[in-house]
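Based on the hints, put chain B in the right spot on chain A.
Here's the letter readout for the chains.
Number of protein chains: 2
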Amino acid sequence: MSDSYARLLARSREIALLGSAAHLLHWDAETLQPKAGVAFRAEQFAYFGGATHRLFTAPEVGGWISDCEAAGYAPDSTEAANVRGWRREYDRATRLPQELVEAHERSKGLAREAWIEARRRSDFAHFQPHLEILFGQAREMADHWGWQGSRYNALLDAYEPGADVAQIRAIFDAFRPQLREILPAALAKSAAAPRLEGEFPVEGQIKFNAEVARAVGFDFEAGRIDASTHPFCSRIAPGDTRLTTRYDIHHFASSLFSVLHEAGHGMYEQGVPEGDAYGTPMGSAVSLGIHESQSRLWENLVGRAPEFWEHWFPRAAEHLPALRRYTPAEVCASVNRVEPSFIRVEADQVTYDFHIMLRFEIERRLLDGELALADVPAVWNEEFERSLGLKVPDDAHGCLQDIHWSAGLIGYFPTYTLGNLNAAQLFARARAEEPAIDAELARGDYARLLGWMRRKIHARGSALLPMDLMREATGAPTGVEAQVALLRAKFGLAAS
Amino acid sequence: MSDSYARLLARSREIALLGSAAHLLHWDAETLQPKAGVAFRAEQFAYFGGATHRLFTAPEVGGWISDCEAAGYAPDSTEAANVRGWRREYDRATRLPQELVEAHERSKGLAREAWIEARRRSDFAHFQPHLEILFGQAREMADHWGWQGSRYNALLDAYEPGADVAQIRAIFDAFRPQLREILPAALAKSAAAPRLEGEFPVEGQIKFNAEVARAVGFDFEAGRIDASTHPFCSRIAPGDTRLTTRYDIHHFASSLFSVLHEAGHGMYEQGVPEGDAYGTPMGSAVSLGIHESQSRLWENLVGRAPEFWEHWFPRAAEHLPALRRYTPAEVCASVNRVEPSFIRVEADQVTYDFHIMLRFEIERRLLDGELALADVPAVWNEEFERSLGLKVPDDAHGCLQDIHWSAGLIGYFPTYTLGNLNAAQLFARARAEEPAIDAELARGDYARLLGWMRRKIHARGSALLPMDLMREATGAPTGVEAQVALLRAKFGLAAS
Numbered sequence: 001m002s003d004s005y006a007r008l009l010a011r012s013r014e015i016a017l018l019g020s021a022a023h024l025l026h027w028d029a030e031t032l033q034p035k036a037g038v039a040f041r042a043e044q045f046a047y048f049g050g051a052t053h054r055l056f057t058a059p060e061v062g063g064w065i066s067d068c069e070a071a072g073y074a075p076d077s078t079e080a081a082n083v084r085g086w087r088r089e090y091d092r093a094t095r096l097p098q099e100l101v102e103a104h105e106r107s108k109g110l111a112r113e114a115w116i117e118a119r120r121r122s123d124f125a126h127f128q129p130h131l132e133i134l135f136g137q138a139r140e141m142a143d144h145w146g147w148q149g150s151r152y153n154a155l156l157d158a159y160e161p162g163a164d165v166a167q168i169r170a171i172f173d174a175f176r177p178q179l180r181e182i183l184p185a186a187l188a189k190s191a192a193a194p195r196l197e198g199e200f201p202v203e204g205q206i207k208f209n210a211e212v213a214r215a216v217g218f219d220f221e222a223g224r225i226d227a228s229t230h231p232f233c234s235r236i237a238p239g240d241t242r243l244t245t246r247y248d249i250h251h252f253a254s255s256l257f258s259v260l261h262e263a264g265h266g267m268y269e270q271g272v273p274e275g276d277a278y279g280t281p282m283g284s285a286v287s288l289g290i291h292e293s294q295s296r297l298w299e300n301l302v303g304r305a306p307e308f309w310e311h312w313f314p315r316a317a318e319h320l321p322a323l324r325r326y327t328p329a330e331v332c333a334s335v336n337r338v339e340p341s342f343i344r345v346e347a348d349q350v351t352y353d354f355h356i357m358l359r360f361e362i363e364r365r366l367l368d369g370e371l372a373l374a375d376v377p378a379v380w381n382e383e384f385e386r387s388l389g390l391k392v393p394d395d396a397h398g399c400l401q402d403i404h405w406s407a408g409l410i411g412y413f414p415t416y417t418l419g420n421l422n423a424a425q426l427f428a429r430a431r432a433e434e435p436a437i438d439a440e441l442a443r444g445d446y447a448r449l450l451g452w453m454r455r456k457i458h459a460r461g462s463a464l465l466p467m468d469l470m471r472e473a474t475g476a477p478t479g480v481e482a483q484v485a486l487l488r489a490k491f492g493l494a495a496s
Numbered sequence: 001m002s003d004s005y006a007r008l009l010a011r012s013r014e015i016a017l018l019g020s021a022a023h024l025l026h027w028d029a030e031t032l033q034p035k036a037g038v039a040f041r042a043e044q045f046a047y048f049g050g051a052t053h054r055l056f057t058a059p060e061v062g063g064w065i066s067d068c069e070a071a072g073y074a075p076d077s078t079e080a081a082n083v084r085g086w087r088r089e090y091d092r093a094t095r096l097p098q099e100l101v102e103a104h105e106r107s108k109g110l111a112r113e114a115w116i117e118a119r120r121r122s123d124f125a126h127f128q129p130h131l132e133i134l135f136g137q138a139r140e141m142a143d144h145w146g147w148q149g150s151r152y153n154a155l156l157d158a159y160e161p162g163a164d165v166a167q168i169r170a171i172f173d174a175f176r177p178q179l180r181e182i183l184p185a186a187l188a189k190s191a192a193a194p195r196l197e198g199e200f201p202v203e204g205q206i207k208f209n210a211e212v213a214r215a216v217g218f219d220f221e222a223g224r225i226d227a228s229t230h231p232f233c234s235r236i237a238p239g240d241t242r243l244t245t246r247y248d249i250h251h252f253a254s255s256l257f258s259v260l261h262e263a264g265h266g267m268y269e270q271g272v273p274e275g276d277a278y279g280t281p282m283g284s285a286v287s288l289g290i291h292e293s294q295s296r297l298w299e300n301l302v303g304r305a306p307e308f309w310e311h312w313f314p315r316a317a318e319h320l321p322a323l324r325r326y327t328p329a330e331v332c333a334s335v336n337r338v339e340p341s342f343i344r345v346e347a348d349q350v351t352y353d354f355h356i357m358l359r360f361e362i363e364r365r366l367l368d369g370e371l372a373l374a375d376v377p378a379v380w381n382e383e384f385e386r387s388l389g390l391k392v393p394d395d396a397h398g399c400l401q402d403i404h405w406s407a408g409l410i411g412y413f414p415t416y417t418l419g420n421l422n423a424a425q426l427f428a429r430a431r432a433e434e435p436a437i438d439a440e441l442a443r444g445d446y447a448r449l450l451g452w453m454r455r456k457i458h459a460r461g462s463a464l465l466p467m468d469l470m471r472e473a474t475g476a477p478t479g480v481e482a483q484v485a486l487l488r489a490k491f492g493l494a495a496s
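In order, the protein sequences belong to chains A and B. Each residue of the first sequence is one higher than the one before, starting from 1 at the first, in the working numbering. Each residue of the second sequence is one higher than the one before, starting from 1 at the first, in the working numbering.
In case anyone wonders, no lab produced these hints; they're calculated from the structure. Among the hints, a few may not be true.
Said to hold, decoys possible - Derived pair list, reagent style EDC-like, types lysine to aspartate or glutamate, alpha-carbon separation capped at 20 Å:
no.	chain 1	residue 1	chain 2	residue 2
1	B	Lys-35	A	Glu-318
2	B	Lys-35	A	Asp-226
3	A	Lys-207	A	Asp-123
4	A	Lys-35	B	Asp-219
5	B	Lys-456	B	Glu-434
6	B	Lys-35	A	Glu-221
7	B	Lys-456	B	Asp-468
Because the structure is a prediction, the values reported are computed rather than measured.
If we strip away everything but chain A, and leave its shape as in the complex, we get (with noise of 0.2 Å):
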């Protein structure tokens, strides 16, 4: 190992070290932390922000990654993926101010209260002050980076290393005919779905939810599941990632489904190298759009299955009674039900997609200068009412629903069709590859299904460009053909 190799693990280490503390920090802001610690936790989220930033973007660094560029490593080592890791990464990072990185840290901080007050209070004016400074942050981030086009690019380059606007719009236009014509047929066959009706017990959601969490693969020696306003899940530290979901009795599918959801980005975490390999490129998930696959595979194409029913409505109804007047038949045509929504965390996976698409171009336009944010509830409410067909009630039913421009998270949302995408791509390839998976799902058995994605996914790190990483997987990027077959068949379709 080269010195300047060996120099770049132990600063990727020191990073690791305060990265995970700011990780606990974060997730304990979402889950526990008492309202009068906000004002100090952002401000030390500006501090370790604006210390990890400090520490990767010195000089040295960039010295010691043009070394190792020197010398030479294989092209599928992981030395040179690392090497070409931190090479992306140093140059982002070096271009942005260290006084923007820490304020941007402390804006992220202060905003998330006040998001939820303003959705509580169902309020855009009280949250539009801090979406003024977090999108100018980002407009002036982009602006830094560099772009062309549009400065959408510039940020989703940070989610999708790749990805960028004309290529989204591609896929954008190449699916949504697709999802109009599917639309039809899945809202009939959802006609005839009952609604499930009953208590369901919090303990009862929380020991079926940990048990199919478990059987699954979720690792509870190496992680956990707590309540949170949002579902999400981080990986606080090696050995140490987190899920967590929300509860409401007369809903269980809601927590179960969030459980499983964050199973699926909780064990592609929790399948990445570890030890030394973490804080570095390769210890690293790749991307979003490939982590949502992992998160929408075990959500929805394996725990919206009628196979998934047929196994687990005995342990279902045992840990939750009020399931036992319905079959099995019944609770999985319930779970599957079509209908446009509100919500994009509960909307169902023919009109989800919608919801991105909308929020993309919103997103975009906002950050090109093409709308002011004071127009955002008139834009969002008439563009919504155009593509699903429904009058939104208010800005907590419509732009204040989703915590994401409150963490700064802006230019991401496309990532999450790009995982619905590459869920079904990689789930066809997998039961190609293994036909056995099928029976074994059938039987609640999960280990060949998980270890196929351990192995062409979780165990690459960020070896590769995501679509690099699907056309090694799969043999071809992410495209629409494999989720609409998937959808055309379960909604009784003829194969288009």
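Coordinates of chain B only, in the frame set by chain A:
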């Protein structure tokens, strides 16, 4: 404000931003952290301990302190108090080698799991290798700090500035015969006390505990209560002070009195100056003996008084219906039962301090090389039987019972007895100065008593050494008289 003073404040702030994250890492390790995260967390403790030590012991810090000492701040000013505190801490910290500080943090991070496992298996040998390391480091630290008479003095001074073995022994020697005289009367009175039977569901305990904690003055906007193996209190940050307790459905009193105890610590932490003072000596609790006075006040002097149970019994019985078959007087008698027992944290007000005296001498002998760690179980059991007349059945009920050694808290135990004595002395003084307190306590109004503690103790931060603070607040240094008077009255003995 002088430049040097401003620089010290800024450095304190930076250390506080890092230190507060370390507090959360520690709190999390005690409450939530999954097992597989232990090794990395220990690395983090070493990193954070090392980073804060390096920031504080930098040569420029010594220069700034010297500048401030020459600046002639008025002795009773905040500035002078901070400068005295910084000087004290700086002179101690700079004597420790950086590597020892980091190694000690790492060792503590690894010892905790070993102690839990050793206690579970009641297997001292499993924990002994960690103890060898931790006591070795403690001896090394004491030798770096320097000491006269006993190494114990150097360690005790970290927890109770200004205290030493001679003073502790003098207090114990005055206290022991008084407790021996009180014990028979207390045992006799306890013979008639009922044992509370029935089941007390955890949800009821949680609700009742929270109601009581809020009533005595713990601020839930700036704090929370969680569960942990060992109850403790930690101020994570300004506006964020957390208590923990543990639940046993057969013993509601265990969780309640832990909450009252930890709420006492918590209200102290919520009462010291915050804002810019956070992380400075004036924004910090002064010592563990003063800290423990606040916890024992609310736990024993308020919470075990007959008027507490007259007032709270109806609410308790509402949350915990199994109490309905008892009278308030029976509940009060039950929670005041005096009876020699194995576990310190569950010991009554009369036998508790015998546990402390025993542990104190064993620790001192270990530090001064008069006792080998391998001999601790035998010595512990022998001396325990001599002191409390009980044969220790296993090490889990003996020398493995407490978390302290695993957390590197060596030289700490006498502060518990100081706390008992300080609590009685402060309570007596508060009631003498504010006679309305008694009637208010009887009707569940705790504001005046808390207000007195806020002014006399909490707001004073670390302005004075603890013995001087006791003199200022009560007119005398810590003594045994108030506690002896209180116990004699409680168990029907004439004043001595």
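- Item | Violated hints - listed by number, lowest first | The structure breaks hints 1 and 3; every other hint is satisfied.
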